[in-house]
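If you read the protein sequences in the order shown, they are chains A and B. The opening residue of the first sequence carries number -17 in the working numbering; numbering runs sequentially from there. The opening residue of the second sequence carries number 896 in the working numbering; numbering runs sequentially from there.
Wrong hints could be hidden among the right ones.
[Said to hold, decoys possible] Subject to a maximum C-alpha distance of 25 Å in a straight line, what follows is the list of computed DSS-like cross-link-like pairs (lysine-lysine):
(1) B:K1042 x A:K135
(2) B:K1274 x B:K1178
(3) B:K1031 x B:K1082
(4) B:K1008 x A:K135
(5) A:K42 x A:K71
(6) B:K1129 x B:K1312
[Claimed, not checked] Derived CB-CB ranges, DEER-like:
(7) B:L1009 x A:S81: 31 to 39 Å
(8) B:Q965 x A:D146: 52 to 60 Å
(9) B:T990 x A:E97: 24 to 32 Å
(10) B:A1024 x A:D146: 51 to 59 Å
For the record, the hints were derived by calculation from the structure and aren't laboratory data. Note that the structure is predicted; figures quoted are calculated from it, not measured. The C-beta atom is built at its ideal place from N, Cα and C for all residues, glycine as well.
Each chain, letter by letter, is given below.
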Amino acid sequence: MSLGLRKKLGFAIAALCLLLNTPSGGAAGSGVAASVPEDNLAVIVNQSNPIEDLSLKELKAVFLGERSHWPNGRRITLVMMDPGVPERKAVLRDVCHMSETEFSRHFLQGLFTGEVFVSPKTLSTPVGVRKFVFNVPGAIGYVKASDLDGTVKVIHINGRSVDDAEYPLRIEPRPAK
Amino acid sequence: MSDSAKLVRTESAGPLQTLWKRVSGMVSRHTSSLLMFMVLCVVVAVGAFMIGDLHTASVQVQKMYLGSVQGLRSIGELQYEAQETRRSTLYALTTNNSNLQVEYADQSREADKLVTDGITQYLVRARAAREVELGKRLQSDWAAYLKVRDEVLASILEGSTKEAVDLDLSGGVPSFERVRQDLEEIKRLYDEQASGQLALVDASSRRSVVRLMGVLSFTLLFASASVWAIQRTKMLNAVRLAKLQMDFVASVSHELRTPLAVICASAQNIADGVVDEKEQLAKYGSVIRHHSQQLTDLVNQILQFAATHEGRNRYTLRPVEVELVIAAVLRNTHELAEEAGFVVEQHIAAGLPHVMADFAAVCQCLQNLVVNALKYGGKNPRIAIWAASVHGDNGKLDEVCISVEDHGIGIDSTDLKQIFEPFYRSPVVTAAQIHGTGLGLPLAKGIAEAMGGKITVVSKLGTGSRFTLHLPVAHSIELQNQVEERVAQS
Chain A
-17 MSLGLRKKLG
-7 FAIAALCLLL
3 NTPSGGAAGS
13 GVAASVPEDN
23 LAVIVNQSNP
33 IEDLSLKELK
43 AVFLGERSHW
53 PNGRRITLVM
63 MDPGVPERKA
73 VLRDVCHMSE
83 TEFSRHFLQG
93 LFTGEVFVSP
103 KTLSTPVGVR
113 KFVFNVPGAI
123 GYVKASDLDG
133 TVKVIHINGR
143 SVDDAEYPLR
153 IEPRPAK
Chain B
896 MSDSAKLVRT
906 ESAGPLQTLW
916 KRVSGMVSRH
926 TSSLLMFMVL
936 CVVVAVGAFM
946 IGDLHTASVQ
956 VQKMYLGSVQ
966 GLRSIGELQY
976 EAQETRRSTL
986 YALTTNNSNL
996 QVEYADQSRE
1006 ADKLVTDGIT
1016 QYLVRARAAR
1026 EVELGKRLQS
1036 DWAAYLKVRD
1046 EVLASILEGS
1056 TKEAVDLDLS
1066 GGVPSFERVR
1076 QDLEEIKRLY
1086 DEQASGQLAL
1096 VDASSRRSVV
1106 RLMGVLSFTL
1116 LFASASVWAI
1126 QRTKMLNAVR
1136 LAKLQMDFVA
1146 SVSHELRTPL
1156 AVICASAQNI
1166 ADGVVDEKEQ
1176 LAKYGSVIRH
1186 HSQQLTDLVN
1196 QILQFAATHE
1206 GRNRYTLRPV
1216 EVELVIAAVL
1226 RNTHELAEEA
1236 GFVVEQHIAA
1246 GLPHVMADFA
1256 AVCQCLQNLV
1266 VNALKYGGKN
1276 PRIAIWAASV
1286 HGDNGKLDEV
1296 CISVEDHGIG
1306 IDSTDLKQIF
1316 EPFYRSPVVT
1326 AAQIHGTGLG
1336 LPLAKGIAEA
1346 MGGKITVVSK
1356 LGTGSRFTLH
1366 LPVAHSIELQ
1376 NQVEERVAQS
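Please model the complete structure; the sequences and the hints are all you need to start from.
Below is the structure:
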């Protein structure tokens, strides 16, 4: 199955789940997405993770593999979506401040030098990301606010919750003031 | 009415006694049918018992089958889903593709949810302490396995394959083995329960067979006894009837032979010229006529009994004056009484109502009673005829009783029940050389009953007897009809 087809299939399943209003598929069950802009990008961790809030700087360290463990001692597992997906683009743009190439190179170089211990896991669909985070206590990932459900925990960024108007992460960049 | 005051309905019975007599009469007449009915009842009861027993056994077998099959099926499903949970987890180890790993993790969680639900349902159904204990142990062991499974899945998804394998080997395998053993133990328990129920059904079946054999044996015995009793009763009746008929033939022969002998001897004397004087001839003629009359009476009595017994007699009931009946009977028996030297006393109440009867028949009936009184009057040559009306329970005139009382040999209480049976003659009278056919009383009884009346008797051996003829009173409308009839005739 080609990457594009898998991506399309993932979106189709997500849309169908949204339509059917199932707990595993849509954002309706989370009680968050209904009141937040769909454009916001939620950062999610496992329900057992005690972390509540991260600054953009801390988040960058996590996403670039510069931080290996959570405060509770669990190893951090980074979950990324496939290259080219808007969510991934938004993270690279707003958190890592890197292009796709730079991000790949960073991890290749980090693994080679030993500065980075584990490369990020790559998943095709937001549902897959959510399920991965649900299954792995130290996992951290991201999904659109509309793809949230109650199986994962959404953390604040810079003290802003995902439904906050000043929330810093969006799929599309904010228009320049 | 002083005489009538002496007459009380000593023989009249209450409604309950009457009912009892009727029932006992019916029972004695329909013994065979009753016995066959009882056999039928027993057979029906046995059938019902057998059906009930078979139904119980069937229900037990169904319960056993359902319990065992459902239990084993649910345990089979639990075993399959538990294996599926573990298999999906292990499949995740075989790939580096995170998407596939997530999919396998998802499958494992779906399977474990089914197992958890199955265990909960098992605990809900569990009744015996052993079942509950095993169910709780399985629940606990399954939870322990799931805890390890979650760690293994997390390690696999993190990419720590070695760590996942180590975890599975150290914790997953032993905990899953415990779950497997728990499931096997529950399966064994189901097998044991099924075996126990099978033993119960087997025991119940054996009990049913034994009971069935017992009941069938009892039914067979009962039926055999009934058939034997029926045949014996019929045989005894046939023997008794044959004996009575033989006695009757002997008695009739004797009754015929005596007058025939006298007639023959008288005729022979006349034919031989032994008698030639006119006076003697007249005497011989009188003897021949008397004995011929005796023979005629005897034959008439037999024919009349046969007619009464077969119901061929049709009596015309009309109001009859009791005094006329008594007078006619006394007139008919006057000569006989005079010959025997009997004195006949009459105690007839004044103003007796008419009775509904056939005049000739009622005369015949009463005459039989009077002749019997003369015949069995013994050494006290005195008989009495009483007639009085009797009031019923409602105070109305109900019937007229005509009693014939003698002070002769009387009747033994054991004979009282049989004296109205055809051809019966008491051994006492047979021994006393008192001739008779045994038809007089049955004939009188038949006539009385045909006219809506009856005959009762009170007797004591050696003291005498009193036979009472009860006749229904004619009512005013019947009397009026009679008057109208007479007017029309005139």
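Consistency of the hints with the structure:
1. The straight-line distance between the Cα atoms of K1042 (chain B) and K135 (chain A) is roughly 20 Å, inside the 25 Å bound, and the hint therefore holds.
2. A threshold of 25 Å between alpha carbons decides the hint, and for K1274 (chain B) with K1178 (chain B) the separation of about 29 Å lies outside it, so the pair is violated.
3. In summary, the hint linking K1031 (chain B) to K1082 (chain B) is supported, as the alpha carbons are separated by about 15 Å, within the 25 Å threshold.
4. Distance restraint check for K1008 (chain B) and K135 (chain A): the Cα-Cα separation of roughly 22 Å lies within the 25 Å cut-off, and the hinted pair is therefore satisfied.
5. Among the hinted pairs, K42 (chain A) with K71 (chain A) is consistent with the structure: their alpha-carbon atoms are about 14 Å apart, no more than 25 Å.
6. Under the criterion of a C-alpha separation no larger than 25 Å, the hint pairing K1129 (chain B) with K1312 (chain B) is consistent with the structure, at around 20 Å.
7. Restraint check, L1009 (chain B) to S81 (chain A): a C-beta distance of roughly 46 Å breaks the suggested window 31 to 39 Å.
8. Take Q965 (chain B) and D146 (chain A): their Cβ atoms lie about 55 Å apart, and the range 52 to 60 Å holds.
9. Between T990 (chain B) and E97 (chain A) the C-beta distance comes to about 28 Å, which sits within the given range of 24 to 32 Å.
10. The beta-carbon spacing between A1024 (chain B) and D146 (chain A), approximately 58 Å, falls within the hinted interval of 51 to 59 Å.
Checked against the numbered hints above, the structure breaks hints 2 and 7 and satisfies the rest.
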